[in-house]
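Participant: The primary structure of each chain is shown beneath.
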Amino acid sequence: MEMMNLIGPIGALDHVSMQVVRHGYVHIVNALNEINQNNFTIITPDQNTNVLKDLSFIKPYHKITDDSDANDKLDNLIEIFELKKNIYQDCIEEEFNYNEIVQMIDSIYSEVKVDNDKLVNSRDELSKVVEFKVNLEHLRELKLDFEVLKNLHYFTFKIGRFSKENYKKLKDNVENISSIIYEISSIPGYHVVISITPKVLEIEVDRIFKSLNYEELNIPYNLGGTPEDIIHKLDEIITDQENEIKILNDAILKQKGRYTVFIDESYSRIKIYEKAQIINSEIACTNEFFYMAGWVPVSEKKGLQESLDLFGNSLILIFKPKSQVNSSIIPPTRLKNNWFTRPFEALVNMYGIPSYNELDPTTFVAISYMIMFGFMFGDIGQGGIFLLAGLFLSIKGKRPNLGGILSRLGVSSMIFGALFGSIFGNEKIIKPLIIRPMENVSNMNAILIGGVVLGIAFTTIGFIYSLINAYKRRDIENGLFGKNGLVGLIFYWTILLTALNIYEQGHTILPLPMIISMLCILLALMVIKQPISNLINRQKPLYNESAQDYYIESGFGVVETLLSMLSNTISFIRVGAFALNHVGLFVAFATISNLMQNSAGSFAVLLLGNIIIISLEGLIVFIQGLRLEYYELFSKYYDGNGIEFNPVRLRYTRQRMGSCNSNNINQKPIKIMNM
Amino acid sequence: MNNITRYAAINTKARALEGQLLKNVDYIYLLSLKSVTEVAGYLKQKTHYREILSGVNENELHRGALEVLLKKSHMNGLEKIAHYFYDENKEFYQSLFIRYEIEDLKTIARSITTSGNDYLSKDSLMYINRNRELNLDTLISSKSIFDFTKNLRNTLFYKYLSPLIENNKVVSLFSFEMTLDLAYFDLFYKSLKSLSKKDRLLMEYEQGINVDLLNIQWIYRGLKFYNFSPEELFNYTIAYGFEFNRNHIKRFCYSKNLDEFKNSILKTKYSFLFDQENTMDIFMERRILRYQYFKLKKMKKMEGMDISQSVVYGLLLEIEIRDIISIIESIRYGLPVEEARKFLIRKL
Chain H
1 MEMMNLIGPI
11 GALDHVSMQV
21 VRHGYVHIVN
31 ALNEINQNNF
41 TIITPDQNTN
51 VLKDLSFIKP
61 YHKITDDSDA
71 NDKLDNLIEI
81 FELKKNIYQD
91 CIEEEFNYNE
101 IVQMIDSIYS
111 EVKVDNDKLV
121 NSRDELSKVV
131 EFKVNLEHLR
141 ELKLDFEVLK
151 NLHYFTFKIG
161 RFSKENYKKL
171 KDNVENISSI
181 IYEISSIPGY
191 HVVISITPKV
201 LEIEVDRIFK
211 SLNYEELNIP
221 YNLGGTPEDI
231 IHKLDEIITD
241 QENEIKILND
251 AILKQKGRYT
261 VFIDESYSRI
271 KIYEKAQIIN
281 SEIACTNEFF
291 YMAGWVPVSE
301 KKGLQESLDL
311 FGNSLILIFK
321 PKSQVNSSII
331 PPTRLKNNWF
341 TRPFEALVNM
351 YGIPSYNELD
361 PTTFVAISYM
371 IMFGFMFGDI
381 GQGGIFLLAG
391 LFLSIKGKRP
401 NLGGILSRLG
411 VSSMIFGALF
421 GSIFGNEKII
431 KPLIIRPMEN
441 VSNMNAILIG
451 GVVLGIAFTT
461 IGFIYSLINA
471 YKRRDIENGL
481 FGKNGLVGLI
491 FYWTILLTAL
501 NIYEQGHTIL
511 PLPMIISMLC
521 ILLALMVIKQ
531 PISNLINRQK
541 PLYNESAQDY
551 YIESGFGVVE
561 TLLSMLSNTI
571 SFIRVGAFAL
581 NHVGLFVAFA
591 TISNLMQNSA
601 GSFAVLLLGN
611 IIIISLEGLI
621 VFIQGLRLEY
631 YELFSKYYDG
641 NGIEFNPVRL
651 RYTRQRMGSC
661 NSNNINQKPI
671 KIMNM
Chain C
1001 MNNITRYAAI
1011 NTKARALEGQ
1021 LLKNVDYIYL
1031 LSLKSVTEVA
1041 GYLKQKTHYR
1051 EILSGVNENE
1061 LHRGALEVLL
1071 KKSHMNGLEK
1081 IAHYFYDENK
1091 EFYQSLFIRY
1101 EIEDLKTIAR
1111 SITTSGNDYL
1121 SKDSLMYINR
1131 NRELNLDTLI
1141 SSKSIFDFTK
1151 NLRNTLFYKY
1161 LSPLIENNKV
1171 VSLFSFEMTL
1181 DLAYFDLFYK
1191 SLKSLSKKDR
1201 LLMEYEQGIN
1211 VDLLNIQWIY
1221 RGLKFYNFSP
1231 EELFNYTIAY
1241 GFEFNRNHIK
1251 RFCYSKNLDE
1261 FKNSILKTKY
1271 SFLFDQENTM
1281 DIFMERRILR
1291 YQYFKLKKMK
1301 KMEGMDISQS
1311 VVYGLLLEIE
1321 IRDIISIIES
1331 IRYGLPVEEA
1341 RKFLIRKL
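Going line by line, the protein sequences match chains H and C. 1 is the number of the first residue of the first sequence in my numbering; add one for each residue after it. 1001 is the number of the first residue of the second sequence in my numbering; add one for each residue after it.
Incorrect hints may appear among the rest.
The calculated lysine to any residue pairs, modelled on SDA-like cross-linking and capped at a C-alpha distance of 25 Å, are [unchecked claim]:
#: 1; chain 1: C; residue 1: Lys1224; chain 2: H; residue 2: Asp206
#: 2; chain 1: H; residue 1: Lys275; chain 2: C; residue 2: Ile1010
#: 3; chain 1: C; residue 1: Lys1190; chain 2: H; residue 2: Ile187
#: 4; chain 1: C; residue 1: Lys1224; chain 2: H; residue 2: Ile187
#: 5; chain 1: C; residue 1: Lys1159; chain 2: H; residue 2: Asn287
#: 6; chain 1: C; residue 1: Lys1169; chain 2: H; residue 2: Leu119
#: 7; chain 1: H; residue 1: Lys168; chain 2: C; residue 2: His1248
#: 8; chain 1: H; residue 1: Lys320; chain 2: H; residue 2: Gly24
#: 9; chain 1: H; residue 1: Lys164; chain 2: C; residue 2: Glu1091
#: 10; chain 1: H; residue 1: Lys164; chain 2: C; residue 2: Asn1247
#: 11; chain 1: H; residue 1: Lys168; chain 2: C; residue 2: Phe1174
#: 12; chain 1: C; residue 1: Lys1169; chain 2: H; residue 2: Ser195
So the derived list for chain C, only partly shown, Cβ under 7 Å to chain H, looks like this [unchecked claim]:
#: 13; residue: Glu1204
#: 14; residue: Glu1206
#: 15; residue: Gln1207
#: 16; residue: Gly1208
#: 17; residue: Phe1225
#: 18; residue: Asn1227
#: 19; residue: Glu1232
#: 20; residue: Phe1234
It is worth saying that the hints were derived from the structure and are not from the lab. None of these values were measured; they are calculated from a predicted model. We put the beta carbon where it would ideally sit given N, CA and C, even for glycine.
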């Protein structure tokens, strides 16, 4: 990774940012921070010194105009026309003038909005009319003439509604209200009532109704007649309204035809503009220039230079390798794994992103985890189910990480199933390529020991990773003398080989006292790792804390080392134990199925058994494997304090739209302010 | 067992936060101070408000800004507790925030009707800002209560407010505020449905007392100062009281005069409102709040393994902030200490 610093005229900022987004490999950092920490390289002598002018007035960039408006309008238009939101590659690749787009959107929006508002209003009107009709349906049998009721001399006639709570209040006090109230229907949340009030008391009653939030319904009384008549007339009105709505709809469809292409284009373009604003929020600027900073992978440097070429001399682009950057700034880590190991990145990232100068453990995790899982869950049939589930998830279910892991684990499980001779738990069908785990005691022992041997192998590889990482960090203290370093490795293997020798041959190759003294020397080295490494590096003070504290800590550290070496190794027995467990669980189900009288019952029990084993045992093995990875292995060599590489880029959903508004791509440089 | 898993953590947190609340000595000291700056300084150095005041220079802080910060501290306190809730209780606790959103909406409404809405400080409207559905700028720039109501189209308040604009061109501030207040209680009681039975009864009790007192206050004021008809008085009362059912309330509303009303209240457990010789109206609200304050302290002492502890903390915090603001105002307006004490909710 290299740090890139970019300076340019502020008028070109938006175009430059969009070009950076198109390139897609720059992880932006806050430029003002960089400048304040003297990490920003301004110029080399043969370039323009204008950029130094006003440097003291540098400040973070704020967008002057607010254009979330255009965004909202565009969203509204997309909604009205019922378009899909797609980002087209050819549209974002081309230059465009943002302000022109905003203006076009404004004008289209005002045009469409007028029609759309009419449509919405008509629809509202229609639903109101339909509601009246529904309310009047209840009164259909009434042979009263509403016209007459409306024109009563001494009484006021109203139809309106109350909310449920308010209607209750009305009922509670109804004896004190000087009005006749008759409920004609209740729709969800409301009660629709007719009220007849003496005109002299109308004002009082109105105030009472107002305090209950009474809503008078706009019945078109001018339609005249009995409810029956009014309903007929309403039907006519409804038909008319529906026609009107159809006409408005057609008009909108016509507009849709005219503007769809532009709107689709604009959507993509606004999206890339928004991404550019994300970059802009991290840059610093003065009145004339902008200052941008970010990390770029070394392999992408050339690409970036080429992308920014079309701005010509107006931009200054400088790269700095990590060594020239303040050591407290950590470059982000970009993981590069091949197709096979990539899903396992998710497992590693759960623990932490790899630090910048650490080895990427993903490959080791992939292989070791697959082996452990297969060993603990070896079965051709059940592994096959995992494989299918994984494929389904990654293709149809859109979860490529989980699906990828499952399918690879499934393959491993199938391989081990072939080695152990087990299909869906049944061990009688095929012959094992190696051994049957639970055939007899010696097989079982072999499996358990096999687990431990696997553990020793992985632990050793873990040590090697730890040594390599320490070398990259130039860390003598932990790399050479630490319990995860060279001394620790030698100690570990010495004990192992000694134990093995005693077990196999009853005595050791080298005399026992010599071995014991060697071990003690190694332990002593571990205890004094800090002062020794400081001596080697000629660094004073020798101890980072007081000598007393240091030795107490170290002493306990050694005890902990001894214990943990033992427990870490034995911990891997669980790999063998779960393998046996797997078989044992199936034996239980097989026994039950043999007790069954009919074959359908047996089959059902076996099926149930397989389902339970796959889900329960599968989950347990998954978690146990992960635990071994994280606790026994990662704690030895993995730091996980990195920052994820997060470049600003825009992912397109469709390649070509075909008719993107066409300025050619490789055009002349943008005209910028004179320097 | 179920209750313990639900409430043990949150009650412990509430208890811990309560431990940080101001003690009587703090209030006595604050009352003796001479300026807002001194109050701010004391709060910043000696109390839990140091968190919210940490970046602030108290010499440049004037009264309005300090009140906004106190309000923010209240919101932070509520959010700290809300953080612990999950499942159904979370819905209930969120409904407590609705009360403060409504207060903010009423503030905006008032500033719209008085023409000087440049004095409206956007910072103080923090509860509305918290609500994703509302755009503060649109709301503040409404030209009238009618427009304001329309701008609340997408919120859960709209179904209560829509009758106000249906057939009218103008919406009065009074009906707007009353509708929102009644809407709050409706929403509150609806949100109780998601609680367990024990919790629901506790909340009905706690809120019920509040409702009774508010109803009494409303009827009293209606009878004494305004010309409402009894029906209107009744229609604006809140329906969910604890001690008083609808018939009681109806009878109160139809009291022939103020004395009859007072006498009927004297026969109830709320007699403290009217039984002193010298009951000035100006202290009515404080008397009500003080009653509720002591009720809250009693509930706190019961230390129930239920929802009451978390709700009680929020209310105690609110009372503390109200008292601090009272003290600040009495300092600002030069009230002598003895007078200022009478306005505090807690009894010193």
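Participant: All the hints need checking, so say for each whether the structure fits it.
Facilitator: Okay, the hints, checked on the actual structure:
1. Restraint check for lysine 1224 of chain C and aspartate 206 of chain H: the C-alpha separation of about 23 Å stays at or below 25 Å, so the hint holds.
2. Pair hint lysine 275 of chain H plus isoleucine 1010 of chain C does not hold up; C-alpha atoms about 41 Å apart against a cutoff of 25 Å.
3. At most 25 Å may separate the alpha-carbon atoms for a hinted pair to count; lysine 1190 of chain C and isoleucine 187 of chain H meet this at roughly 19 Å.
4. About 39 Å separates the Cα atoms of lysine 1224 of chain C and isoleucine 187 of chain H, which puts this hinted pair outside 25 Å; it is violated.
5. A C-alpha spacing of about 50 Å is found between lysine 1159 of chain C and asparagine 287 of chain H, which places the hinted pair above 25 Å, so the restraint is violated.
6. Distance check on the hinted pair: lysine 1169 of chain C and leucine 119 of chain H sit about 23 Å apart at the alpha-carbon level, within 25 Å; holds.
7. Between lysine 168 of chain H and histidine 1248 of chain C the CA atoms are separated by roughly 16 Å; this keeps the pair inside 25 Å, and the hint holds.
8. Our distance criterion of 25 Å between C-alpha atoms is met by lysine 320 of chain H and glycine 24 of chain H, whose separation comes to about 19 Å.
9. As the CA atoms of lysine 164 of chain H and glutamate 1091 of chain C are separated by approximately 23 Å, the hinted pair is consistent with the 25 Å bound.
10. This hinted pair checks out: lysine 164 of chain H and asparagine 1247 of chain C have alpha carbons roughly 19 Å apart, not beyond 25 Å.
11. At roughly 22 Å between alpha-carbon atoms, lysine 168 of chain H and phenylalanine 1174 of chain C fall within 25 Å of each other, so this suggested pair holds.
12. Between lysine 1169 of chain C and serine 195 of chain H the CA atoms are separated by roughly 22 Å; this keeps the pair inside 25 Å, and the hint holds.
13. Among the interface hints, the one on glutamate 1204 of chain C is violated; its C-beta lies about 17 Å from the nearest C-beta in chain H, farther than the 7 Å criterion.
14. Given the 7 Å rule on beta carbons, the hint for glutamate 1206 of chain C is violated: about 21 Å separates it from the nearest Cβ of chain H.
15. Checking glutamine 1207 of chain C against chain H: minimum C-beta separation of about 16 Å lies over 7 Å; hint violated.
16. Taking 7 Å as the C-beta cut-off, the interface hint given for glycine 1208 of chain C is violated, the closest approach to chain H being about 17 Å.
17. Among the interface hints, the one on phenylalanine 1225 of chain C is violated; its C-beta lies about 17 Å from the nearest C-beta in chain H, farther than the 7 Å criterion.
18. Evaluation of the asparagine 1227 of chain C hint against chain H yields a violated restraint, the C-beta minimum of about 11 Å exceeding 7 Å.
19. Below 7 Å, beta-carbon pairs count as interface contacts, and glutamate 1232 of chain C has one with chain H at about 5 Å; its hint therefore holds.
20. Proximity of phenylalanine 1234 of chain C to chain H holds as hinted, the smallest CB-CB distance being about 5 Å (cut-off 7 Å).
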